[in-house]
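In order, the protein sequence lines correspond to chains W and D. Our numbering puts the first sequence at residues 1 to 115. Our numbering puts the second sequence at residues 116 to 229.
No wet-lab data here; the hints were simulated from the structure. Glycine is no exception: its CB is placed at the ideal position from the N, C-alpha and C atoms. Heads up, a few of these hints could be off.
Claimed, not checked - Selected chain W positions facing chain D (in silico; Cβ < 10 Å):
1. P8
2. D30
3. K44
4. L45
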Amino acid sequence: DTTVKQNPRYKLARVGKPVNLICSQTMNHDTMYWYQKKPNQAPKLLLFYYDKILNREADTFEKFQSSRPNNSFCSLYIGSAGLEYSAMYLCASSSFLGGHYAEQFFGPGTRLTVL
Amino acid sequence: GDSVTQTEGLVTLTKGLPVMLNCTYQTTYSPFLFWYVQHLNEAPKLLLKSSTDNKRTEHQGFYATLHKSSSSFHLQKSSVQLSDSALYFCALSAATSSGQKLVFGQGTILKVYL
Chain W
1 DTTVKQNPRY
11 KLARVGKPVN
21 LICSQTMNHD
31 TMYWYQKKPN
41 QAPKLLLFYY
51 DKILNREADT
61 FEKFQSSRPN
71 NSFCSLYIGS
81 AGLEYSAMYL
91 CASSSFLGGH
101 YAEQFFGPGT
111 RLTVL
Chain D
116 GDSVTQTEGL
126 VTLTKGLPVM
136 LNCTYQTTYS
146 PFLFWYVQHL
156 NEAPKLLLKS
166 STDNKRTEHQ
176 GFYATLHKSS
186 SSFHLQKSSV
196 QLSDSALYFC
206 ALSAATSSGQ
216 KLVFGQGTIL
226 KVYL
């Protein structure tokens with residue numbers, strides 16, 4: 001099974017409220033990623049976990065948190081949502097063994113709308 | 116830093132015609148290039164990938180050739196079908212101290228009509 005699952009598929013949030021998005025995979029992949037995708041823009045990497053090590057991109061360092069309680073699950077947490085957080089959030093996973101050539105397997109995304 | 120450019124935001128074609136979606140990249144390292152396709156309401160999926168200079172890679176009727184001399188990895192198909200309507204992303208694998216990450220182009224929407 002090469003499925004990456006994301007919950008919920010659609011999320012409506014109020015400005016200033018927290019948001020928690022969930023991703024899971026059953027491929028025993030060591031690396032899990034979160035991307036933000038806005039219309040007419042490239043998917044932007046927010047952060048990724050290699051095993052238990054969290055790596056956050058410099059320009060989004062303070063805006064997003066994440067946790068990975070076990071190998072299969074990874075969450076994306078926004079402490080206080082702003083209008084600019086409205087976007088599609090894509091989760092992906094891959095195996096470190098693939099190196100630079102590793103395929104990333106994506107979930108269908110969570111569409112977050114902040115009002 | 117590493118970057119990927121896709122020049123067309125939207126390509127519309129009649130079924131049966133050939134298509135080429137452009138992708139160019141910038142990197143100071145050895146390039147690993149990918150094409151991902153995302154159909155409506157589905158997850159992006161790998162279409163094809165390459166790291167070998169001047170070698171054609173094919174999958175599901177699509178093909179692409181990595182040309183290091185021109186930093187390009189254009190996606191082509193000789194005869195598009197209605198089912199090819201989707202969003203196509205070109206991506207470059209970039210090394211980090213903790214593993215691999217993908218740098219994406221902004222994507223090209225391909226719409227195929229009867």
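Results of checking the hints against the structure:
no., hint, in the structure
1, P8, "14 Å, violated"
2, D30, "8 Å, holds"
3, K44, "8 Å, holds"
4, L45, "5 Å, holds"
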